[in-house]
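There are 2 protein chains.
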Amino acid sequence: MKADPSVTHLIISLALLGGAKKPVRAKDLSRLMNASRATLSRWVSRAEELGFVRSATSKKSQYVMLSEKSLELLRSIRESIEGIEWGEKVVMGEVFSGMGEGAYYMSRKGYLRGFMEVVGCRPFPGTLNLRLGHEDAWKVVEWRRKVVPKVIPGFYEEGRTFGEVEVYPVTINGEINAFSVFPRRRHYGYDVLELVHEENLREKMGLRDGEVVAVTLKSW
Amino acid sequence: MKADPSVTHLIISLALLGGAKKPVRAKDLSRLMNASRATLSRWVSRAEELGFVRSATSKKSQYVMLSEKSLELLRSIRESIEGIEWGEKVVMGEVFSGMGEGAYYMSRKGYLRGFMEVVGCRPFPGTLNLRLGHEDAWKVVEWRRKVVPKVIPGFYEEGRTFGEVEVYPVTINGEINAFSVFPRRRHYGYDVLELVHEENLREKMGLRDGEVVAVTLKSW
Chain A
1 MKADPSVTHL IISLALLGGA KKPVRAKDLS RLMNASRATL SRWVSRAEEL
51 GFVRSATSKK SQYVMLSEKS LELLRSIRES IEGIEWGEKV VMGEVFSGMG
101 EGAYYMSRKG YLRGFMEVVG CRPFPGTLNL RLGHEDAWKV VEWRRKVVPK
151 VIPGFYEEGR TFGEVEVYPV TINGEINAFS VFPRRRHYGY DVLELVHEEN
201 LREKMGLRDG EVVAVTLKSW
Chain B
1 MKADPSVTHL IISLALLGGA KKPVRAKDLS RLMNASRATL SRWVSRAEEL
51 GFVRSATSKK SQYVMLSEKS LELLRSIRES IEGIEWGEKV VMGEVFSGMG
101 EGAYYMSRKG YLRGFMEVVG CRPFPGTLNL RLGHEDAWKV VEWRRKVVPK
151 VIPGFYEEGR TFGEVEVYPV TINGEINAFS VFPRRRHYGY DVLELVHEEN
201 LREKMGLRDG EVVAVTLKSW
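Protein sequence lines, in the order shown, are assigned to chains A and B.
Counting along the first sequence from 1, when you hit position 26 you're at 26 in the working numbering, and nothing is skipped either side.
Counting along the second sequence from 1, when you hit position 129 you're at 129 in the working numbering, and nothing is skipped either side.
One chain only, chain A, in its complex shape:
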């Protein structure tokens, strides 16, 4: 990917016109790329020198097609997007250290037991906290309106009552399935996500305060 930007642009435009499988007319390419024929011709020469495209000039016009080198690149791209559930919402949040409230709640026997019963796994007794921007906080509100949560019932422990907690499924950085918990007696504002997993997410992912992660908002 140390090719110059115009070469990448050419490869992708060609792919979109089917140039991975058949020769594409230079005329059609220059239309899609909004580039003059002279500009396109310069880009094609450059990309051909680098081995990313092949071209042929016939009686009628110039044709361009992706080379095997470009197909390798497109295959890497394909791998990098594999497993994405199209249409799911993703939010970005910044890791911060909470006041330990999440850990306090999540380590109550009543919650550990409830979580096990409702979700089927034993949570690490602590949460990973993320601070969201306004737009993402709004996406979370929308999501919670659409997805029906699993609910951990409230209980009585150590002389006090603990309220219900809603649980929703998420994926962190597109690879770790986890849960987002929302105590109905809320201790954080709407701009915070509290994430729960079987392991210590902070350690597992090597996260420190101030780092940014992506959370895919899923449904059961």
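No lab work stands behind these hints: they were computed from the structure.
Please note that the accuracy of each hint is not assured.
Copies of the same chain look alike in the list, so a pair counts if it fits in one copy or across any two.
As the list claims (entries may be wrong) - Derived lysine-lysine pairs resembling DSS-like cross-links, with alpha carbons at most 30 Å apart:
#	residue 1	residue 2
1	Lys69	Lys27
2	Lys204	Lys59
3	Lys139	Lys150
4	Lys69	Lys139
5	Lys204	Lys27
6	Lys150	Lys218
7	Lys139	Lys89
8	Lys146	Lys59
9	Lys218	Lys89
10	Lys218	Lys109
We have chain A; now place chain B onto it with these hints.
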């Protein structure tokens, strides 16, 4: 795809670093893209304005991630490369009108019957002829050395003998499965491919002399 080249380059570089699923550090991006942080920052702003990426600046550094708009683009790219058998060779050839020899041979009863028996389909009695460049002609020679052909036996008809014909599988423009035939008593040089299909390929594909098509050299 009327975005400017630098935006496309940014989207693809981000995808290769996993930015479809998680936020990527601007530092890592500028390294991959071989661009200064200032240049990258300008590209990120432009791509963010156009809705292709999202960025977040935390205490530690700037992070960039692909937006849903980019994911749609990547999905189109994925579709355009779907069905490719990686590692197969592709050659490009220019359509030309032969001297009718292909049609003459392919319309002999002996060949029609032999083709049906050996390949299992009834060919249109005529060939689509392609002229190849030197490099592609060489790829065809290599291919014929590796793939074992099906052979239509010779026969006697109208007072003369007709020789054996080798048949190899190909795909035209990544979508039409066809056959390449090589009479062992060759009437064309090595720079020509003669293609056979159940239908008239020239009509089916709307081809005229001078147009360029791609042929994927396959194996049985």
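Consistency of the hints with the structure:
no., hint, verdict
1, Lys69 / Lys27, "both (23 Å within a copy, 26 Å between copies)"
2, Lys204 / Lys59, "between (61 Å within a copy, 21 Å between copies)"
3, Lys139 / Lys150, "within (19 Å within a copy, 60 Å between copies)"
4, Lys69 / Lys139, "between (40 Å within a copy, 16 Å between copies)"
5, Lys204 / Lys27, "between (52 Å within a copy, 23 Å between copies)"
6, Lys150 / Lys218, "within (13 Å within a copy, 52 Å between copies)"
7, Lys139 / Lys89, "within (8 Å within a copy, 47 Å between copies)"
8, Lys146 / Lys59, "neither (59 Å within a copy, 33 Å between copies)"
9, Lys218 / Lys89, "within (8 Å within a copy, 41 Å between copies)"
10, Lys218 / Lys109, "within (27 Å within a copy, 63 Å between copies)"
Of the numbered hints listed earlier, the single one contradicted by the structure is hint 8.
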